[in-house]
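Asker: Residue strings, one per chain:
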Amino acid sequence: MRATARRVWGLMYRHLALYRRSWPRLLELAYWPTLQMCIWGLTSTYIASRLPVGGQVAAGVLLGGVLLWEIALRSQMGVAISFLEEIWSRNLGHVFVSPLRPRELVAALIAMSAIRMAVGVLPAVLLAWVLYAFNLFALGPVLILFAINLMAMGWWVSLAVVSMILRHGAGAEALAWSVLFALTPLSAVFYPVSVLPVALRPIAWALPASHVFEGMRAVLNTGVIQWDQLAIASLLNLAWLLVASWLFAWQFRVARERGALLSIGE
Amino acid sequence: MNAITVTGLSKRYGETLAVDGIDFSVPPGGTVGLLGGNGAGKTTTIAMLLGLLIPTAGRITILGHDMAHDRFAALARMNFSSPYVALPHRLSVEENLRVYCHLYDVPHASARIAELAAELDLGGLLDRPAGQLSAGQKTRVALAKSLINRPDVLLLDEPTASLDPDTGDLVRTWLERYRAQSGCTILLASHNMAEVERLCDMVLMMKQGRIVDRGSPADLLTRYRRDDLEEVFLDIARDRQSERSA
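The listed protein sequences correspond, in order, to chains A and B.
In terms of our numbering, the first sequence opens at residue 1 and continues consecutively.
In terms of our numbering, the second sequence opens at residue 267 and continues consecutively.
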């Protein structure tokens, strides 16, 4: 157990040392969440000023959606980009011939993702409070459950992305940035699932984020916590995490069969 | 018990048979050279020994561990160096070595890094980013990384490729010293015949995925009636063996 923890820490240390030496990388973590929050904050302010009734709630729903969705986005990118860092530095060969188990690699990437997410999203959350008087923490302790579910969704999506990178090499690295953006319209971030065309609703309901955002809107609109939505989101995350873990294990084995672990960045 | 035992090892990529049913073993403390032209199957063999590549057929046992089922127990006691695999360029040499101290669960990391820095003359380099080192310095750092866990089995893929003769000689001298001190088993793939002749107790000559000849450097020189291994290599690579016998 101690050796496992040390190996996980070893890989985390490698990434933390990288951030310590590169302030542009640190700045980049907070750049997009803060920019997104500023743009949507101004949009929310405009909407609130045009709506005589319910404007503040609508603005809060928009800003809450932006900030919570950033948790999923940054969690997903945190895992995928940390893995890509190993490819870009041509270090994977060394990592995979060390006693580091694949599950320990995933644990280290997830831990790094949580750190990256906190460093990236917290400044935006605090700025939203300062600039737009929107306090995300006013959602109460349930915010923690929303955040955990969104992080978990980011992680299983990124495991699927890493699997695709193992399968298709660096050519699939664009997925690291784009895949969750593609899911945004179906994740009910800014509007309820009922707004979507009927044919797309089953897909939306299969995504944990839709249940989280329905729950968030319920809290902001009525103050009621919809525990059933949280339970469904958690179960969906568990199911998707199992699928993504199987996909990762399968593609890792295929990469070992094809000899892709040494040539993956080429 | 041999440190490395390879039985019927094959690797097929589609129609191409990269390694074709090879067998060999390396006794504890032995140094074996894997020689062959480009595409002979040396790197594929090393990748299979390291668990990076799953064989199509055959069995590999390292330090008593079956690499198909128990590779992590063996990997903890092995290490590897290749000029084709880099260390993160932005991390300092010390940070890089510390990462691998953690990955290999090396006790007293700072002391081990200081020890290697003294032995490999890395003292002045520890704070420098790995990406700013010269080829020779990078090789010494890669060697330090490969020795970080005091491996019982060391796999080296062209350890002195692209080094000047002086640095190459330093590396070879250091490997000889380390082997004498530690009793480490070394498998070495190289195109440098003088290096193989100097370091290896036994040589495996590979061609088109097969081991076509084997023996100590002295045996091979006698059998092929040559003065150096380079000529033996060319005899095998160009099928001149039969001509000379005739």
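Keep in mind the hints are simulated off the structure, nothing from the lab.
Treat the numbers as computed from the prediction; the structure is a model and nothing was measured.
All residues carry an ideal CB built from backbone N, CA and C; glycine is no exception.
Be aware that one or more of the hints could be misleading.
A few chain B residues facing chain A, derived, Cβ under 10 Å [as the list claims (entries may be wrong)]: (1) V351; (2) R356; (3) R364.
Covered, in the sense of this in silico footprint (three residues per stretch, anywhere, with C-beta under 8 Å from a C-beta of chain B), are these stretches of chain A [as the list claims (entries may be wrong)]: (4) 13-27; (5) 83-91; (6) 184-195; (7) 253-260.
Asker: None of the hints should be skipped; say for each whether it holds.
Answerer: Status of the hints after comparison with the structure:
The criterion of a C-beta within 10 Å of any C-beta in chain A is met by B:V351, whose closest approach is roughly 4 Å, and the hint holds. For B:R356, the interface hint holds, the least distance from its beta-carbon to any beta-carbon of chain A being 6 Å, beneath 10 Å. For the restraint placing B:R364 at the interface with chain A, the shortest Cβ-Cβ distance is roughly 7 Å, inside the 10 Å limit, so the hint holds. Residues of the stretch 13-27 of chain A lying with their CB closer than 8 Å to a CB of chain B number 6, which satisfies the three-residue condition for coverage.
Judged by the Cβ-Cβ criterion of 8 Å, the stretch 83-91 of chain A is covered by chain B as claimed, because 4 of its residues qualify and three suffice. Counting residues of the stretch 184-195 of chain A whose CB lies closer than 8 Å to any CB of chain B gives 0, so the stated coverage by that chain is violated, three being the minimum. Proximity of the stretch 253-260 of chain A to chain B, defined as three or more residues with a beta carbon under 8 Å from a beta carbon of that chain, is established by the 5 residues found.
Of the numbered hints listed earlier, the single one contradicted by the structure is hint 6.
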